[in-house]
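Based on the provided sequences and hints, a complete structural model is requested.
Residue numbers (our numbering), protein chains in the order written: chain Y, 17 to 181; chain B, -7 to 241.
Treat the hints with caution; some may be incorrect.
[To be verified] Below, in silico cross-link-like pairs of lysine-lysine (DSS-like), each with a Cα-Cα straight-line distance of 30 Å or less:
| no. | chain 1 | residue 1 | chain 2 | residue 2 |
| --- | --- | --- | --- | --- |
| 1 | B | Lys134 | B | Lys232 |
| 2 | B | Lys1 | Y | Lys119 |
| 3 | B | Lys1 | B | Lys39 |
| 4 | Y | Lys174 | Y | Lys119 |
| 5 | B | Lys1 | Y | Lys174 |
| 6 | B | Lys134 | B | Lys238 |
| 7 | Y | Lys119 | B | Lys39 |
| 8 | Y | Lys174 | B | Lys39 |
[Claimed, not checked] Below, a sample of chain B positions facing chain Y; criterion: calculated Cβ distance under 10 Å:
| no. | residue |
| --- | --- |
| 9 | Ile63 |
| 10 | Thr81 |
| 11 | Val88 |
| 12 | Ile89 |
| 13 | Ser213 |
Hints were generated in silico from the structure; no laboratory data involved. All residues carry an ideal CB built from backbone N, CA and C; glycine is no exception.
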Amino acid sequence: MPHFDRLYNFACWLTHDRQEAEDLVQETYAKALKGFSSFQPGTNFRAWIYRILRNAFLTSRTGLQATATVPLDLDGEAEALPTAKETPESILLQRSDLQLVQKAMEQLPVAYREVLLLCEVEEMSYQEISATLSIPIGTVMSRLSRARQALRVAVREKQGSQPKA
Amino acid sequence: MACDRWIEKLDAYLDGELPASEARALSEHLRGCSACAAESLSRLQQKRTVQTAGQRFTPDPAFRVRIQESIAARPSARRSWFRLPVLATAMALVVVITLFFALNRSRRSEQQLVSELADLHVATLASSNPVDVVSSDRHTVKPWFAGRIPFTFNLPELQDSPFVLVGAKVSYLNQAPGAELIFRVRQHQISVFIFQERAVGNLQTRDSVQTALSFNVRSWSLNGLRYFVIGDASAQDLDKLSDLMKAAG
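The structure is reproduced here in structure tokens:
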């Protein structure tokens, strides 16, 4: 099960709970095995198995809760970004900030979190993300852009509230 | 403001999803615009940070074993003769997953390598000083590299071929120096890159024929060196030049 570790990581990010993540991964493998005949050779296998995991999550209690509380305008036109004011310092790469970024990621709405993880961590192409999330590529792009912006804002807020070292 | 138009495309650019022509135009803009370059750097850093921050959870080894057992044990609830095909399917699934990811990974790094070479080739074509040593004489070009790159190679005799050696320059791939030779055939320019295998990494070890950004690419290994032939000339021309280079070895 070579992709086991990454599916598990993704599941943890979705559920925020290791036990639930384990259940989710187990369910995913069971469903993948049972539904392997529904996989069309030549199509993207990774997108297929991630889609199974994500659908299992969305129908779980945690998933339903997470998506029920999310505002619906996630994919609207991204507002003009306050670009020029951002400096390279605004997102720091220091190790101490990693936890801060993780905290900020945790607090993003699921729709933002999953698209960020698929793009940055799983390094999926827009095409693959589109297949995994069953949304058009245009939506992948606008959602990614909004997710990144939301993360920037969240990180900056956290940096601002941190006592200066 | 004109920059807004570029900023909109920055994410797709950094994700490697912008069409080649637009990506070239954008990187051109980034070279001249410090505000956009700073924004680009900031977003790239964010990408990297999220990538690192996102790799956070590793499964318990006991859980892995449990899953493996549950997959294997699943059909035992049914009649035992049913077990074999299901096990076989499970194993086939595992093999498919492994193969898929192995292939995908190597294809991706291979594509990255080839598009990097395509960039180098295009940069050479676009440059006002495309070569550092201008000579069609292989006995001038080869010695020119002595002391400039940490290896040596042979150049083919081109007298009875349609190819003309235009010149050469030192090129870099993954921070390692190598040779870039520029040949002309009719109106087409072809770059031949020669790097040490370790500069290329063990990512691409097989001979390959492919196209990148509609350039034709040929690649092979010889005596610890990795050769790449890239250009917009026809596939036959590239094959011919490759054969000449191989013969000169």
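Do the hints match the structure? See the list:
1. Lys134(B) / Lys232(B): Holds - the C-alpha atoms of Lys232(B) and Lys134(B) are around 21 Å apart, at most 30 Å.
2. Lys1(B) / Lys119(Y): This hinted pair holds, its Cα atoms lying about 28 Å apart.
3. Lys1(B) / Lys39(B): Holds, because 15 Å separates the two Cα atoms, which is no more than 30 Å.
4. Lys174(Y) / Lys119(Y): Holds, at about 9 Å.
5. Lys1(B) / Lys174(Y): Since the Cα atoms of Lys1(B) and Lys174(Y) sit roughly 27 Å apart, the hinted pair holds (cutoff 30 Å).
6. Lys134(B) / Lys238(B): holds (16 Å)
7. Lys119(Y) / Lys39(B): holds (16 Å)
8. Lys174(Y) / Lys39(B): holds (18 Å)
9. Ile63: holds (6 Å)
10. Thr81: holds (6 Å)
11. Val88: holds (7 Å)
12. Ile89: It holds, given that the least Cβ distance between Ile89(B) and chain Y is near 6 Å, below 10 Å.
13. Ser213: Constraint on Ser213(B) not satisfied, violated at 27 Å.
Checked against the numbered hints listed earlier, the structure breaks hint 13 alone; every other hint is satisfied.
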